[in-house]
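2 protein chains.
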Amino acid sequence: MKRKSNDIPIKKSTALFFDLVTGLSPEVHSKKRMLSDMKGMYSDKDAYEIMLDQQDSLIYEFYELGIPKTPHHLAYGTTILYPGKVGNEYFMTKGHFHQKLATAEVYYCIKGHGMLLMENPMGNVEIQKFSPGIAVYVPPNYAHRSINTSSSGPLISFFAFRADAGHDYKTIETKGFRKLIVEQDGKPKVIDNPNWNR
Amino acid sequence: MKRKSNDIPIKKSTALFFDLVTGLSPEVHSKKRMLSDMKGMYSDKDAYEIMLDQQDSLIYEFYELGIPKTPHHLAYGTTILYPGKVGNEYFMTKGHFHQKLATAEVYYCIKGHGMLLMENPMGNVEIQKFSPGIAVYVPPNYAHRSINTSSSGPLISFFAFRADAGHDYKTIETKGFRKLIVEQDGKPKVIDNPNWNR
Numbered sequence: 113m114k115r116k117s118n119d120i121p122i123k124k125s126t127a128l129f130f131d132l133v134t135g136l137s138p139e140v141h142s143k144k145r146m147l148s149d150m151k152g153m154y155s156d157k158d159a160y161e162i163m164l165d166q167q168d169s170l171i172y173e174f175y176e177l178g179i180p181k182t183p184h185h186l187a188y189g190t191t192i193l194y195p196g197k198v199g200n201e202y203f204m205t206k207g208h209f210h211q212k213l214a215t216a217e218v219y220y221c222i223k224g225h226g227m228l229l230m231e232n233p234m235g236n237v238e239i240q241k242f243s244p245g246i247a248v249y250v251p252p253n254y255a256h257r258s259i260n261t262s263s264s265g266p267l268i269s270f271f272a273f274r275a276d277a278g279h280d281y282k283t284i285e286t287k288g289f290r291k292l293i294v295e296q297d298g299k300p301k302v303i304d305n306p307n308w309n310r
Numbered sequence: 113m114k115r116k117s118n119d120i121p122i123k124k125s126t127a128l129f130f131d132l133v134t135g136l137s138p139e140v141h142s143k144k145r146m147l148s149d150m151k152g153m154y155s156d157k158d159a160y161e162i163m164l165d166q167q168d169s170l171i172y173e174f175y176e177l178g179i180p181k182t183p184h185h186l187a188y189g190t191t192i193l194y195p196g197k198v199g200n201e202y203f204m205t206k207g208h209f210h211q212k213l214a215t216a217e218v219y220y221c222i223k224g225h226g227m228l229l230m231e232n233p234m235g236n237v238e239i240q241k242f243s244p245g246i247a248v249y250v251p252p253n254y255a256h257r258s259i260n261t262s263s264s265g266p267l268i269s270f271f272a273f274r275a276d277a278g279h280d281y282k283t284i285e286t287k288g289f290r291k292l293i294v295e296q297d298g299k300p301k302v303i304d305n306p307n308w309n310r
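If you read the sequences in order, they're chains A and B. Just so we're aligned: the first sequence equals residues 113 to 310 in the numbering used here. Just so we're aligned: the second sequence equals residues 113 to 310 in the numbering used here.
Hints may be right or wrong, so weigh each one.
Intra- or inter-copy, both count: the list cannot distinguish identical chains.
Stated by the list, open to error - Subject to a maximum C-alpha distance of 20 Å in a straight line, what follows is the list of computed SDA-like cross-link-like pairs (lysine to any residue):
#1 Lys181 to Asn253
#2 Lys124 to His208
#3 Lys206 to Asn236
#4 Lys123 to Gln211
#5 Lys124 to Asn236
#6 Lys144 to Leu132
#7 Lys124 to Asn232
No wet-lab data here; the hints were simulated from the structure.
If we strip away everything but chain A, and leave its shape as in the complex, we get (with noise of 0.2 Å):
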């Protein structure tokens, strides 16, 4: 039932069903970054080493669709971010800049409970929740990082950018974000990042 390949026709119109329960469409391939895909994202690193050492879990898939890297397209897709907490950080994605970095990214939660942070290069951070029904728009120049806050549910978002917009992940594997988001007594909280590296 899957394509061969994500790259889709787009002289044509095309129709994905992106199952809105799983977020998951049958007919494409997903990206899935797996708990090995995260080192040296996780505040706590002796509790990511001893949860790797039991089970190499998948933290979230998402889609790239191989629409061309023009200003005309758009790239979209969905986002899975599945819950868990590596010591007392939640699940996360990656996050990234854009490469073209003043194009903006529009998130539509269709289900769970989660928080999108975002920083610009100035260090201005804005941090909004996520619940089913939320679209969150991040402006121009800010990196971007889900996070499910849920105990139980996956997080899941519909997005779409511009598709010539590109994926800087390294200033964030290099710096982190100057926010973390950890549970504190059951709750979510927003605290400093300690290892934030300017």
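Please arrange chain B on chain A, whose structure you already have, making use of the hints.
For chain B alone, coordinates are given in the frame of chain A:
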């Protein structure tokens, strides 16, 4: 609860709620298209006039959030298209080209059943079916119109496009689409538009 203006601050992030059941946002004003706004768009002019004499019904509503019209931003929101027919032609949106013709759009259907009718200036016609979970990608250069083929509920989609794309309604108002979606024997059928104006 509504904001005074739909203009949202775009140097900061925004979270807006669009109800997954009704498609509506309690926080911002929708644009409403009444039957009286659709003059000349339905094939059966007599049926249109008789209906309008009885009641000026709400055909569809959608959101324009006042996002700055630059290539760095995205316009987004929901479209809610109510069920009904004018003669045997289903309720539909006006449909439009983008003023910047070569810009794409993506729709993510969250509720209802219908179709997206598309055509480009070369005369190529594309039709995709909408049902919950279907994402339809409108490639650059294609005019697009939503059609609600259900006899009961609204057709609701989340949409995104480049904020500077602009709307050219006039071409469709003048020429129409090459195809119509009508009910025949209780089912939707695609037919040639007898009034299509080259």
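Outcome of the hint check:
1. Lys181 to Asn253: both (18 Å within a copy, 17 Å between copies)
2. Lys124 to His208: Cα proximity of Lys124 and His208: across copies only (17 Å, versus 30 Å in one copy).
3. Lys206 to Asn236: within (19 Å within a copy, 41 Å between copies)
4. Lys123 to Gln211: between (25 Å within a copy, 18 Å between copies)
5. Lys124 to Asn236: Classified as between: cross-chain Cα gap 9 Å, same-chain 40 Å, threshold 20 Å.
6. Lys144 to Leu132: The answer is within: 19 Å in one copy meets 20 Å, while 27 Å across copies does not.
7. Lys124 to Asn232: Classified as between; 10 Å across copies, 36 Å inside a copy.
The earlier numbered hints are all upheld by this structure, with none contradicted.
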